[in-house]
Structure formats: structure tokens, C-alpha cells
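Each chain is listed here by its residues.
Protein chains: 4
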Amino acid sequence: MAVNILKFGTSSPADTSPLKALKAAGYDSADILAVVGKTEGNGCVNDFSRTLSTHVWEPLVPDKAITIFSGGTEGVLNPHVTFIVTEKKPTGLQAAAGRTRPLEPHEIGTPEHAKEVASSVGAILNGAGISSSDVHLVLVKCPLLTSEKLESIKAISKIPATTDTYESMAMSRYASAIGIATALGEVNDLEEAMRHDTTWSSKASCSAGAELEDCHILILASDSKTEKPQIRAASTYMADAIDAGAILRILDRVKSDNGKVLQIFAKAEASKDGLINGFRHTMNNDSDIHSTRHARAAVGGLIAGLVGDTRIYVSGGAEGQGPPGGGSLSVFYTVAES
Amino acid sequence: MAVNILKFGTSSPADTSPLKALKAAGYDSADILAVVGKTEGNGCVNDFSRTLSTHVWEPLVPDKAITIFSGGTEGVLNPHVTFIVTEKKPTGLQAAAGRTRPLEPHEIGTPEHAKEVASSVGAILNGAGISSSDVHLVLVKCPLLTSEKLESIKAISKIPATTDTYESMAMSRYASAIGIATALGEVNDLEEAMRHDTTWSSKASCSAGAELEDCHILILASDSKTEKPQIRAASTYMADAIDAGAILRILDRVKSDNGKVLQIFAKAEASKDGLINGFRHTMNNDSDIHSTRHARAAVGGLIAGLVGDTRIYVSGGAEGQGPPGGGSLSVFYTVAES
Amino acid sequence: MAVNILKFGTSSPADTSPLKALKAAGYDSADILAVVGKTEGNGCVNDFSRTLSTHVWEPLVPDKAITIFSGGTEGVLNPHVTFIVTEKKPTGLQAAAGRTRPLEPHEIGTPEHAKEVASSVGAILNGAGISSSDVHLVLVKCPLLTSEKLESIKAISKIPATTDTYESMAMSRYASAIGIATALGEVNDLEEAMRHDTTWSSKASCSAGAELEDCHILILASDSKTEKPQIRAASTYMADAIDAGAILRILDRVKSDNGKVLQIFAKAEASKDGLINGFRHTMNNDSDIHSTRHARAAVGGLIAGLVGDTRIYVSGGAEGQGPPGGGSLSVFYTVAES
Amino acid sequence: MAVNILKFGTSSPADTSPLKALKAAGYDSADILAVVGKTEGNGCVNDFSRTLSTHVWEPLVPDKAITIFSGGTEGVLNPHVTFIVTEKKPTGLQAAAGRTRPLEPHEIGTPEHAKEVASSVGAILNGAGISSSDVHLVLVKCPLLTSEKLESIKAISKIPATTDTYESMAMSRYASAIGIATALGEVNDLEEAMRHDTTWSSKASCSAGAELEDCHILILASDSKTEKPQIRAASTYMADAIDAGAILRILDRVKSDNGKVLQIFAKAEASKDGLINGFRHTMNNDSDIHSTRHARAAVGGLIAGLVGDTRIYVSGGAEGQGPPGGGSLSVFYTVAES
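Listed in order, the protein sequences are those of chains G, R, S and B.
Converting from the first sequence to my numbering requires adding 771 to each position, the first position being numbered 1.
Converting from the second sequence to my numbering requires adding 771 to each position, the first position being numbered 1.
Converting from the third sequence to my numbering requires adding 771 to each position, the first position being numbered 1.
Converting from the fourth sequence to my numbering requires adding 771 to each position, the first position being numbered 1.
Honestly, the hints are just simulated from the structure, not real lab data.
Just to be clear, a hint being listed does not mean it is correct.
For identical chains, the list gives no copy identity; a pair is met inside one copy or between any two copies.
Said to hold, decoys possible - No farther apart than 30 Å at their CA atoms in a straight line, the calculated lysine-lysine pairs in the DSSO-like style are these: (1) K886 x K791; (2) K1043 x K929; (3) K791 x K1043; (4) K925 x K860; (5) K791 x K925; (6) K920 x K794; (7) K791 x K920; (8) K791 x K860.
In isolation and in its complexed conformation, chain G is listed as follows:
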């Protein structure tokens, strides 16, 4: 399915005025395949900005469309929504979306969770006729464990993946990422990958939220059959949180293509060993601000500075989404028709 990408700033998590802007750009709400938003909450367990956006947007989009809201616009980042809309003619970019079945609370963050994501991603690719080698980004929004879910697990004598609600976000993201990596052929042994926390996909971008039970999945891929693609994609990974080189190399390519960046999707995290390039950082020892907030602010500052745009999708918690301490990076850009 050929798609285009448009993005608009929001004045609050309840702001749906971007729909008007979308219509002014010539699209109808029926064209919406996905709404991917950054909202201004803490991006952690009690982030109700995500829930609020989900509440106001879901009635406005087609039933089959999905919404993915990622909390956290620390630092310079701008709260905004990105629309993935269908186009009648080929654009060079194609997309497909879907959902897993609802996960049982005790499945969250486990191999069962990863398998559900893997089979759903596989089914969506098959259904859309997209080759895994053309994929540049798989966005997943997945559930987390709240106190209530932990109690419901206890009530049926099951074992949760963790009893720490914040940690459950990380485990949920990792399971989703391993599912993606399995579906894309980046990982062969899912069970083995789930026993560690160091396997990764360079195309995965996962975020966890308390406001859903299933996983929402959005896939963006190049359309290799389009002759003169107007939209091109590039994906890579940042090796650590200050890897400006990875960003600059893609931006150089955009420049050499006379292109203009439509949107950047990046993952960010604090390295677990507490070091960046051999020097200590304090993100993991700060009991006032979670490390995901620190990482979004810093990596968001770097990418926004380099691309000159604060309306970018930088999401915290990169477990399995790029190398440890780094993160996956996908850039979509238009090229002028010659």
C-alpha cells in the first residue's frame, strides 16, 4: 500500500487540530493508516498524556488504522503527530499495520510475547506483499505491567516477568524487538535471544504504554518496484548516545539526493554499563529522573540540532532496538522530481 508521511505540531495531548491540517493538505480521515505521536508526558508508567491522545484520536481514525503514542518530549522536542496516509499512486514508500491478540498480563515481556509479535509482523508483511529486506522501520506499541495487572497475575497464581512496573516497560520493549528481529530474519533463535538482553534489530522501534492490552504494529518499507520514488528511506543505528556520525552520514545522503527529511524515527537509551565512550554518565543513578527521560532529551537534542527540526520521533528505552547504549535510526525523505 503506497503511503505518504505528514506531520503537525500539537498544542496539547488532547489537540486533534492536525486532522484539519491533514484535510487542508488534501487528505481525508479515511486515508489514515496510522497516527504516530509524541506526547508530552513522562513516557513512563503513569504517563496519562498517551492515554489522553489515544482517547481523542481513536474515534477519529478508521477502524483498521492504528495509533501509536510515545510519551516524552524532553528538552527541545516538539509534541506532534505524524500521519501515515495512503496514496493512490506509488510514492516509493509502502506501509502496513495490524495488531497482535491481547496479551495476558503474565505474558508481557516473555518469549510468548515475542512470538506473538513475530507471527503478527510476519502475517502483516505476507498480507501486504512486502519483502522483509525492504523494511526500514517496524513500530510497535506494547502493554506494560501496572500494579493492577501484577495483582491479577498473582490472583491466577502465574509469575510476572518482573514485579517492577517501570522495569516491565523495558522487558515489554525487548520482547517486541526480538519478535520484530525474528520476523525480519535478523534473529534465528528467539528463545535464545530472550535469555539475554543484548540481541537487537536495527529496524525496531518499540514503546510501552499502560493504555493498551495488545500490540499495535506499523511497518514502513521501501517500494523497490517504483521506478522514480519520490520518498526514500534509510535506516541504520547509533552506536552510542553521542554517535553524531551515524546521523550525519544519513543527512549527507539526503543532501546528495537533493532530498528533504520528512521524518526521523530514533531510539535512545542510557548505556547500562554507565559509560559513554569510556566516560561515566549519571543517567542510571538519578533517582529523580528516569534514565529514559535523560536519554530522550540528550539524543533528541543531538538529532534536532543536526536536522534543524524539533518535530522528530525520539523514543526512549532502546532494549533490543539497536546496540546496547545506542538505538535504531530510520529516516524518510522526499526527493525532488527531476
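Start from chain G and add chains R, S and B according to the hints.
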């Protein structure tokens, strides 16, 4: 006075092991003119990491040396100390340090405060024989208003500049910056500048702390009389928090000089109008994290990425230190002897 | 209008299941005069839990009903909603609700704001035939200044009451409280009271939120004409944040009436002089947690412990609502029919 | 060793003026057996207020004396220090102090840690001739895991108790508490108790800090041989965070003894099941404020209100120190000589 710059990471605010590293590099504690550190507290009113560093370092440095600790190593930033040490032979860089008289609590953040800084900076420059046109950085550490100081002001029936302790940090920084700008000839009418909050110096870097009563002042300047300076300096300002261009222009100059960055001093702040390049940021509306912490994380991420080093001095709260929403930027670098 | 009070816990700010519980208790949604809730956000500027609750509840209540959501359930407090529902027969308790006109952003926190609240409260009392001497509680939810509102004020060259968004909440609450005090005859000179910040009402409970433009008003009063009231009310104030005596005196009265507490409405704040009973507290110097959050947690812990119930309405920011450092306190309780 | 208890407020973590107040009360620094303080940091991993107090106090007390600083004075609590000083004549209260050997990082929070505390407490009791049945309080300050310690464990191929620095505080407190319970005969099977997290002592009060390697231990006990004790002790536990009854019963006993409270030591925590008395609390789902901070604020508010004093020792994180969701409670009071 000819000086050199050395910097070392710290394992905690109480870590004085950099003194050993300094000695291993051939210097003695008697050579220390200033210790300028970044510590890992919140950089706000109740940041005891600054106080702790002051406590452990002051007994170790010469009486006439000054210490300036700036709290806040959000995101990728590395807690570290930078030594300004005297050299016998010219290096191309000269420095001078001093203090104002203790400020009365009711003077903090007022024109009186600015005047004290102006006259002290002027006196230090005169005493050291440094021309104001050679100055690239004036670092000032200044006091703030705590609840206790507010009560002591009330007890003598004086009026504080503000009754909000966090806001007093901003007002203290602004007064210090206007003092610097006056001494350097960037501002002619101090009283007028203090009636607004938009006048600025591109050489000022001020931070406020609860642990002192006077202002500590450190001046770094080029020595225009040195024929082949090994250390060069460049100063400019970031126009906003994503002004990568300002940084890249200086780094290009360093590169063309075959230079190596010794240290970067930058100020950062959230723009008061809530916008960056026309798009909304949320730093001023976040009641969980103060805007100074957001700004340090974002600008620190940008500069650290571009220079490839997290041991940099990025300080929050740029009132009067660079244009609104931006900040002053000073870079010191060595050039290889030819 | 005769009313009853019922309260139910919520599982999240989006949880509207209390409506089912209300129906199970024999009431219809048409009976709802007001929904007064405590939601689990930070209670400060960027509290989207309030907005989310407003979004899910407003479509479910009658047009003339009002909703008041107060953020912040720090410590032991339970997120819940309290329904004020109309009864056909006299209960001993009567209520009336209404709204002011939308306030212009530059009016928020000013005498104009206070006057609007005063005249609206007066009109509501008149319309309902309630004597001001019977009033035990006036709840007001009022707007605050966000970055966007500050810019809109600037755009029309008006002056905001403050440029600090968090401080605007305090000023909005104070203006609302002075309006209430004026309407109830506790204050004679509104303009004079607005020049200071120390005048207060013992019946006022005001909270500010970014999600509204006008002020929502709910008045609860004894019905002195009912012969055998089943619901009784008592109101007083806590002199400081540890005034257990004020609470115990009311609870003793409930006990001597063989009563059972229906609901407690309390305001809490950190004393501005930084002292409680002569000893320093640190609520005003904590740059990681706003003082309103500290105060709700502490006073909530005290009241919940004494009444043995965590489903109580404790709201932070008591400017003008009780003496400085203390807060208004209203208790509603049923007495067994003899 | 006969002891007395004196307490004094502090103006900051660096304030040692209580030593003057102690001298004014007729004591010498050589009389100090222990300094037990509450400091105003976050009480979590990066609380440098504790480290700062340790730095300024340790040079001022005898070598054999111990210091225990517990961070966190949320809500109404007053930062202060409590001195345990030796008396020549019997007072009714006796004390003894000591330390364990330094714990290896990989031992923190493990059975090995618990055994070290158990054997040290046993040895201290033996050495002082104190019967375990007379003990009313065992205070322990124990180390935690920082990022650096986690890396040092990895470097020697050992397994840490947890890789989450904040969680390591809880595990360290639990191990210390089980050690105390074992030494006092409240627990028989230490290994078994360490396999769960629900065993507890009603005399234990443990706090963790990054600033030490060994465990500091202070024991307070009644002297049953004193005929007319001037100082009496009572210890019990709060069953949950709103258990006002437990506090009131002790305060009634103090009142009936015509006594005056010298000091209260209480532990507080958020119940893990997310409920208090059947109703949901939000302390465990708040990603902006750690649950220990919430619990200290709420329980501190309750106790301070009931005793009318904010200079009390309320410490967060009650793992193994009182029943789950509650906490140990020890009160020391003077009685007038008859």
C-alpha cells in the same frame, strides 16, 4: 598569568582523585588558579552535590584559587573537574580570578549585585593587565535566595528580588551577567539593562549556588602578545538551543588549525516564549523537571555529540549570557607546534 | 436542592465505572449535580490526568452538572470520584453549581477574576435560595496560565499576572478564594485583599487546571430548615500542616453524633516562611518535587490516618483557603436516624 | 552504657552547629556515641546530602562513634540530628554501637550480608552485656549498589543481587533487617527468610547509602536494672501506612506516664500490593517520585501531627522492618522524677 587547562572525570562529587592525576601530569596543587567542576546534582536550589564538592576541594587548593561548581550533568554529560593551572612560559592563554565582597541577601539579583560584579571584573582585569577585548570567558558563581535568606531579609524589613527560591537563581545569574557585560563594555547602561531581562554578553557564564555568599570570578583571555600560542580560544553564541551551526563553525576552525579541543564552556536555556524555531517545546510547562535540567540535557547532547566528548561544561540558566533561548559558547583548544 | 454524597475509587483517570456503582446504588446519571474527583497526576501545570478525567466524564453527566478534578494523590491517597447527587426529599444537605464566564488569559489571577467568582457565587446562592451562613464549602476549579496563554497575552499587548506557569496556579487559586470570601461576606474589600496574599476564607477550596477556561463552582450548604437532617456538615480550618487537633475536634463531634464520615474536603500548603511550629521544613527548597505535592502527601497522610479512609479530597495550594500554612477543612457525615 | 538522647534542627546538611547546642547542654563531643540524622536529599541513590553530612560530622565525633544519616525529609519533616550521648549515671536507657566488616559489592543484599549483620549485632550485645529482650531499636546504615559497584562486580565475574541501583537499596535494607531479626531471636532460619521478602523484625530500622562500604550499627535498649528510669522506651509496629492507632496507643502510654517524647523512630513503605485498607494507592506507579519519598511524606505527616513535632526520624523503605506495607516504630520518652 599564563595558564593551561586540564580536565579529569570524577567518580562522585566527593572524588578528589583528579588532584593525583594533575600531579601525575606534572603540576602541583600550588599551581591551581581555579577548579571548575560539573557535579551530578539537580543544579537547582537543593543541589548538595555542589556543596559537597566545594567542601572537599576548598582545603586542597591555594587560598587565592577559586572553585566554581555547577550542578547538573543531565543526559550524556560526564561529571568532571577542569583545572586552570599557571604555567611559567606563555601558552597563548591567560587567566585571572577573584571574588566580590559577600552580597547581602537583599542585594542578590539586584543592580547592586550587578555593580559589584562589574567593579570586581574590572579590577581583576586591571590587576592582571588583561585587555577586555582579549577576554573569551568570564565564569561567575553567585549566591541564591534560600528560605532562610528570605526570612533574614524579612527580619530586617528589606525587599528581596523575588520570593521564589528557584527564580532567585535566574535573577542572580542575570545580575552577574549584566555585571560582566558592563565590565567588558558590551553594555553601557547597567541600570537600564537590569530593568529588562533581554540584554546579554557572549562571554558570560554564570551559575548560582546556595553554598556561597560572595561571587567567585574566573576570567580566561587570549594572550595577544604570545607569538606562537599553543592554546587558542574562540567564543561566540548559540542563537537557540538547536544551533548546531554555531558549534560546527568553531569546530571547523579548530580542524583547520589542526587543533584539539581542550574544553568547551556553554550556556543553555529554555526559550521563554516556549518556542524553538517556531515550534513549541514543553520545558517551561513541565512541573516534574525544571527547564534548566531539560536544557542542559538537550544542549549537552548536541555539543557532546559534535565534539565527541562528554566531559564538557554545559551550564543551565543562560539569562543575560547569550541571546534569549540560546547561550554563550567558548572553546579552548591546543594547536600542534609546527 | 437536597443532595446526597457518594464516593467510589477509580482504577485510572479514564475509569468511569463509578457510574455503574452509582446506578447500583439507585441513582441515575440525570441525578448528578457534580463529579468531584482526585486524579493521580502531579496536580501541577502538566497534569493530563485531570484533562483525561474531564474528557471521559463530561459526556456522561447532565449539561448543567459540573466536573471538578483535582490532581495529586501523593502518599496514601486513593484516586476516586465523589458524586453530589440530587435527592427528592430533604437530607439536611443542599447544593448548587454553576460557572463563571470564560476568563481572558490576562484576567487569570487578577481582581477581575476574583470579581467574576464573587458575582457568580452570589448569583448561584441567590438562585438556589441558600443563605451564605449555611455554606460549608465552595469548591472552585479555575484556569491557569500555560506558555500558549502567556504568548496570546503578549500578542494583544496585555500584562499577565505572572509569567511563571506554576505560580499562575497559586494566583488563580487565590483570586478564586478571595471571590468566594467576598460572596460569603468574609471579606469586605476585594481590591484590598487582592493586593496582599494573606486574606482567607475557611470555606473555600480552589484548584487550577490547564483544561478549562471558565471557573466551575460547587456550593455545599446545610439545610437549616430540615428537621431531622441525615447529613450534617462541619467546617473549620487547620492552623498549620500538622494541626491534628482541628481534625480530631471534628471527628469527636461526628463520634458524639454517632455519625459516619461521608467525605472530607481539605486544603494543604507548605508555609511560605519555611517553618512549621518554629521548625524548618524543606518543601519550598525542593527543586525536584513541587511544594504542593509534598503538602498533599503529608496532610493527606495525617487526615487519612485519623479518619481511617484514604478516599478523601485533599487538595494542594491553599492560597486564601485557610490561614497561611494551614487550610480549610469541611466534613460531611451521616447520622443514624433515631 | 547509660545514654541520653538530644536532638537539634539543622539549617543544611553541612550544618554542624548542633555540636554547639550539645555543648551548651553540658556535653562534650567525646560523649557522643552516635549521630543519627535526617538530611534533606531524596533518600535514594543519588542523595549527596547524606554524604555531605557524613563528611562534615565524621571529623567531629570520637573514632568509635558512628554516624547514621538517612535522606529524605519530605512533607513536614524537619532536617535534624539526634545525639546519643553517654551518661555517667544510669538513665534507664543504654546503647551500644559498632560496625560490620566492609561488604564486598557482590555481597550487598545477600544472605552473606545478613549473616554479617547478625553476627555483628550479636557481638555488640554480648560486649555491652545487653539482653536481646531489652532491645527496642537496632539502627543500621548499610551500603547500596551504584553503577560503579555493579561494574566492579562484573569485572570479577560475580553476580550482583540486582542490577537496579534503586532496588539494591531495598535488598540491602532487607538483608540488614533479617540480620537484626536473627540476632534478636525473631527469626530462626536466616537462609529461609532471605528466600522470601516477608519476614520482619519490629525493632529494625535500616537505611542504605552510597557513602559507605560497611554497615553502621546502633542499638538502643532499656536498662531493666535501673530502679527509677528517667528514660523509657516502647516499641511496636504500624500495620499499614495509616495505622494511627499504633501511634496513639504509645502516645497514650507516654501521657499516662506523664512523659515527654524524646524521639520517635519509624519506618514507612508503600505496600507492594498497591492497596491500603483495600483501596488503591499510586505510590508504586509514580515514575516521577519514588515510592519511598511518598511513604516518608505520608507517614511523617501522620506521626508529626499526632506527636506535634516535626523533628522525628521517619525513614523510608521498610523491607523486613515491620509487616509489609507498615513499619517498625520505637518511641523514647522521659518521665518526670517523682
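Hint by hint, here is what the structure shows:
1. K886 x K791: Neither. Shortest intra-copy (39 Å) and inter-copy (37 Å) distances fail the 30 Å Cα cut-off.
2. K1043 x K929: both (29 Å within a copy, 17 Å between copies)
3. K791 x K1043: Intra 43 Å, inter 28 Å, cutoff 30 Å: inter-copy only.
4. K925 x K860: neither (52 Å within a copy, 46 Å between copies)
5. K791 x K925: between (46 Å within a copy, 26 Å between copies)
6. K920 x K794: Classified as between: cross-chain Cα gap 26 Å, same-chain 40 Å, threshold 30 Å.
7. K791 x K920: Answer is between: at 22 Å across copies they meet the 30 Å cutoff, but 38 Å inside does not.
8. K791 x K860: within (23 Å within a copy, 50 Å between copies)
Of the numbered hints listed earlier, those contradicted by the structure are 1, 4.
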